[in-house]
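Each chain is listed here by its residues.
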Amino acid sequence: MISIKVSKLTKRFKRFTAVNNISFSVNEGEIFAFLGPNGAGKTTTIKMLTTLLDPSSGTLSLNGADPVKEKNTVRKSFGIVFQDPSSDDELTAYENLEFHGILYKVPKKLLKHRIEELLKFVELWDRRDSMVKTFSGGMKRRLEIARGFLHHPKILFLDEPTIGLDPQTRSHIWEYVKKLNKEEKITVFFTTHYMEEAERVADKIAIIDHGKIIDIGTAKKLKKDTKTRNLEDAFIKLTGHAIRDEESTPAENMRMRIRARNR
Amino acid sequence: MGAIYIMWLRQLKRYFRSKSRLIGAFGQPLLFLLALGFGFGPVFKQAGQGDYISFLVPGIVAMTVLFTSLSSGIEIIWDRQFGFLKETLVAPVPRLKIMIGRTLGGATLAIFQAIIVLLLSLFVGFKVPDVHSFLIALMFMIFIALIFTALGTAIASRMQDFHGFQLIMNFLVMPLFFLSGAIFPLQGLPKILDIIVRLNPLSYGVDGVRGALSGVFHYGLALDLLVLASVAAVLLAIGSYLFSKVQI
Ligand SMILES: Nc1ncnc2c1ncn2[C@@H]1O[C@H](COP(=O)(O)OP(=O)(O)OP(=O)(O)O)[C@@H](O)[C@H]1O
Ligand SMILES: [Mg+2]
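So the protein lines, in turn, are chains Y and G.
Following this note's numbering from start to finish, the first sequence increments by one per residue and tops out at 263.
Following this note's numbering from start to finish, the second sequence increments by one per residue and tops out at 1248.
If we strip away everything but chain Y, and leave its shape as in the complex, we get (with noise of 0.2 Å):
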């Protein structure tokens, strides 16, 4: 079954394309990576599959709903740690994930005892009392991540989740995704910078650059398109010189025309 549908997606932002006529999709129960370069469109991408920004054309489905007509029923179906800071300096961290699952009606009980899991293993649970203003960036990172394993949603999408994180907390992270993929079916949706990340934990990988998805596949396929050893290199390939050379096809010329026209 598929889980994520995207097709012909795009996103202007007056007239700067952020996302360029995308097309993907994302079967249940599977690990997807979307890898880019700063600016490439991933966090556009994620915004508008999950209900906070409307397209300008293209369709999309979260497990057959539409985010934009169907905001409601989507926002059952995920949950999302964003790649900015989203939690509340003001509040402490115990009071940050009650919030949390108050608003996605986790039960109380259970709401307890995953909260105290959690804050357990993002090592908080001594901090619990403690304003998030006085946290560290790791430490709201961590919170941030727990806040994200609170509820267990149909599909989990990943903005950079480990950004800024030492390695061993990493690692424990991505075992804890793998886990509750595993054990609940649970889809998920990420985008990192760390290559060895996404080799050893994602199913599926695609590559955008300037908001256009230039090849998916398992890592393997990527490494064999590209005829690399690993993925940091091929990436690199895809979305260093190669590409954008291939790419100043007339078709990219014409755009280019179309564009020093418009403004």
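Wrong hints could be hidden among the right ones.
[Said to hold, decoys possible] A few chain Y residues that face chain G, going by a derived Cβ cut-off under 8 Å, partial list only:
# : residue
1 : Asp54
2 : Pro85
3 : Ser86
4 : Asp89
5 : Phe135
[Stated by the list, open to error] With a Cα cut of at most 25 Å, we get these calculated DSS-like pairs of lysine-lysine:
#  : chain 1 : residue 1 : chain 2 : residue 2
6  : Y       : Lys105    : G       : Lys1086
7  : G       : Lys1086   : Y       : Lys154
8  : Y       : Lys105    : Y       : Lys76
9  : Y       : Lys5      : Y       : Lys185
10 : Y       : Lys154    : G       : Lys1013
11 : G       : Lys1097   : Y       : Lys8
12 : Y       : Lys105    : G       : Lys1191
13 : G       : Lys1086   : Y       : Lys112
14 : Y       : Lys133    : G       : Lys1013
15 : Y       : Lys112    : G       : Lys1097
16 : G       : Lys1097   : Y       : Lys69
17 : Y       : Lys178    : Y       : Lys112
18 : G       : Lys1245   : Y       : Lys76
19 : Y       : Lys5      : G       : Lys1245
[Claimed, not checked] Okay, the calculated beta carbon distance ranges per label pair:
#  : chain 1 : residue 1 : chain 2 : residue 2 : range
20 : Y       : Lys112    : G       : Lys1127   : 42 to 52 Å
21 : Y       : Val68     : G       : Ser1230   : 28 to 38 Å
22 : G       : Ser1133   : Y       : Asp54     : 25 to 35 Å
23 : G       : Pro1094   : Y       : Lys224    : 42 to 52 Å
24 : G       : Gln1081   : Y       : Gly39     : 16 to 26 Å
25 : Y       : Thr134    : G       : His1132   : 14 to 24 Å
26 : G       : Pro1129   : Y       : Asp84     : 51 to 61 Å
27 : G       : Phe1178   : Y       : Asp84     : 14 to 24 Å
28 : G       : Met1174   : Y       : Thr134    : 52 to 62 Å
29 : G       : Phe1165   : Y       : Val68     : 28 to 38 Å
30 : G       : Phe1123   : Y       : Asp54     : 33 to 43 Å
31 : Y       : Asn72     : G       : Ala1237   : 33 to 43 Å
Derived by calculation from the structure, the hints in this document are not laboratory data.
Glycine residues also receive a C-beta, built at the ideal position from the N, C-alpha and C atoms.
Position chain G with the ligands relative to chain Y; hints supplied.
Just chain G with the ligands now, kept in the frame of chain Y:
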């Protein structure tokens, strides 16, 4: 229910934890009350208008509600800036509920502050006639609070950052306050000023609170209620609509 309650509770927790907010909240109304009250008191008396403090207190109470509720509504901008807004916007809860929770939170705090200001004004000689008139005044305070929390929400839903904030404070809050009859009587105003005051919804709130506490309404209880209820309904509808359309 859970979502509305938790949104409401969050506003209260944040408010009572911030000492500077608490001090600021009472400092301004008290300053206005004492400076204007004692400053203009003698002139007011000479003009045969009676005790200025008694006249002024309902105006300051309404002002307290106005300031607090509008700034609670506008707090959405802060939440957007600090990122927390996203957390509430993707939650599987209708945005209307989020908006209602926020509005009730803002209104609760505004009323709480106004009541404290009213209590403090008892020390400078103000008198609340009886429980009945207090309850009517309270009803008007609730209307003012709902109107301006909703207005704040509507404005903040359309603003991307802080830059417009100061502008709104200067060009919205101050005119609303000064042109509402909060600090001067409405009899015998110049024509233009009279029209402006009549167009300001806060005027009916001030009149309602003052009428309830002093027994003398300028526009009349019925008209005050009618105007406030209609404006509240319209602004709550607009606020919820704009909030439901917020994108990030
Ligand atoms: N609200 C906005 N208005 C205008 N441009 C925007 C807006 N949001 C994003 N963009 C632009 O869209 C492009 C894609 O941004 P996006 O955040 O999706 O990148 P990303 O792939 O997540 O990058 P990163 O790895 O740095 O997080 C960027 O060039 C960015 O400047
Ligand atoms: Mg991003």
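Hint by hint, here is what the structure shows:
Because the beta carbon of Asp54(Y) sits about 7 Å from the nearest beta carbon in chain G, less than 8 Å, this interface hint is met. Interface hint status for Pro85(Y): upheld, as the beta-carbon distance to the closest one in chain G is roughly 4 Å, under 8 Å. For the restraint placing Ser86(Y) at the interface with chain G, the shortest Cβ-Cβ distance is roughly 4 Å, inside the 8 Å limit, so the hint holds. Contact between Asp89(Y) and chain G, as hinted, is supported at the beta carbon level, the nearest pair being about 6 Å apart and thus within 8 Å.
Violation of the interface hint for Phe135(Y) is found here, the shortest Cβ-Cβ separation to chain G being roughly 13 Å, above the 8 Å cut-off. Restraint check for Lys105(Y) and Lys1086(G): satisfied, since their Cα atoms lie roughly 18 Å apart, inside the 25 Å limit. Among the hinted pairs, Lys1086(G) with Lys154(Y) is consistent with the structure: their alpha-carbon atoms are about 19 Å apart, no more than 25 Å. Under the criterion of a C-alpha separation no larger than 25 Å, the hint pairing Lys105(Y) with Lys76(Y) is consistent with the structure, at around 10 Å.
About 17 Å separates the Cα atoms of Lys5(Y) and Lys185(Y), which keeps this hinted pair within 25 Å; it holds. With a C-alpha separation of about 32 Å, the suggested pairing of Lys154(Y) with Lys1013(G) is violated against the 25 Å cut-off. Taking the CA atoms of Lys1097(G) and Lys8(Y), the gap is near 33 Å; set against the 25 Å cutoff, the hint is violated. Simply put, Lys105(Y) and Lys1191(G) have alpha-carbon atoms about 56 Å apart, too far for the 25 Å limit, and the pair is violated.
For a cut-off of 25 Å, the pair hint linking Lys1086(G) to Lys112(Y) stands: about 24 Å separates their Cα positions. Of the pairs offered as hints, the one joining Lys133(Y) and Lys1013(G) holds, with about 15 Å between alpha carbons and a cut-off of 25 Å not exceeded. Between Lys112(Y) and Lys1097(G) the CA atoms are separated by roughly 24 Å; this keeps the pair inside 25 Å, and the hint holds. For the suggested pair Lys1097(G) and Lys69(Y), the alpha carbons sit about 19 Å apart, so the restraint of at most 25 Å is met.
Distance hint between Lys178(Y) and Lys112(Y) is fulfilled; the C-alpha atoms sit about 23 Å from each other, no more than 25 Å. For the hint linking Lys1245(G) to Lys76(Y), the alpha-carbon distance of about 18 Å falls within 25 Å, and the restraint holds. With a C-alpha separation of about 24 Å, the suggested pairing of Lys5(Y) with Lys1245(G) holds against the 25 Å cut-off. A hinted range of 42 to 52 Å holds for the C-beta pair Lys112(Y) and Lys1127(G), which are about 50 Å apart.
Separation of Val68(Y) from Ser1230(G) is about 34 Å and conforms to the stated range, judged on CB atoms against 28 to 38 Å. Between Ser1133(G) and Asp54(Y) the Cβ separation comes to about 50 Å, which falls outside the hinted range of 25 to 35 Å. Against the hinted window of 42 to 52 Å, the Cβ-Cβ separation of Pro1094(G) and Lys224(Y) comes to about 48 Å, which satisfies the hint. Separation of Gln1081(G) from Gly39(Y) is about 21 Å and conforms to the stated range, judged on CB atoms against 16 to 26 Å.
The hinted window of 14 to 24 Å between Thr134(Y) and His1132(G) is violated, with their beta carbons roughly 48 Å apart. Judged by the Cβ atoms, the range 51 to 61 Å given for Pro1129(G) and Asp84(Y) holds: they are separated by roughly 54 Å. For the hinted restraint 14 to 24 Å between Phe1178(G) and Asp84(Y), the CB-CB distance of approximately 40 Å leaves it violated. Roughly 36 Å separates the CB atoms of Met1174(G) and Thr134(Y), a value that falls outside the hinted 52 to 62 Å.
At about 31 Å, the CB distance of Phe1165(G) to Val68(Y) agrees with the hint of 28 to 38 Å. Phe1123(G) and Asp54(Y) have their C-beta atoms about 55 Å apart, which leaves the hinted 33 to 43 Å range violated. Distance hint check: the CB atoms of Asn72(Y) and Ala1237(G) are about 19 Å apart, inconsistent with the given range 33 to 43 Å.
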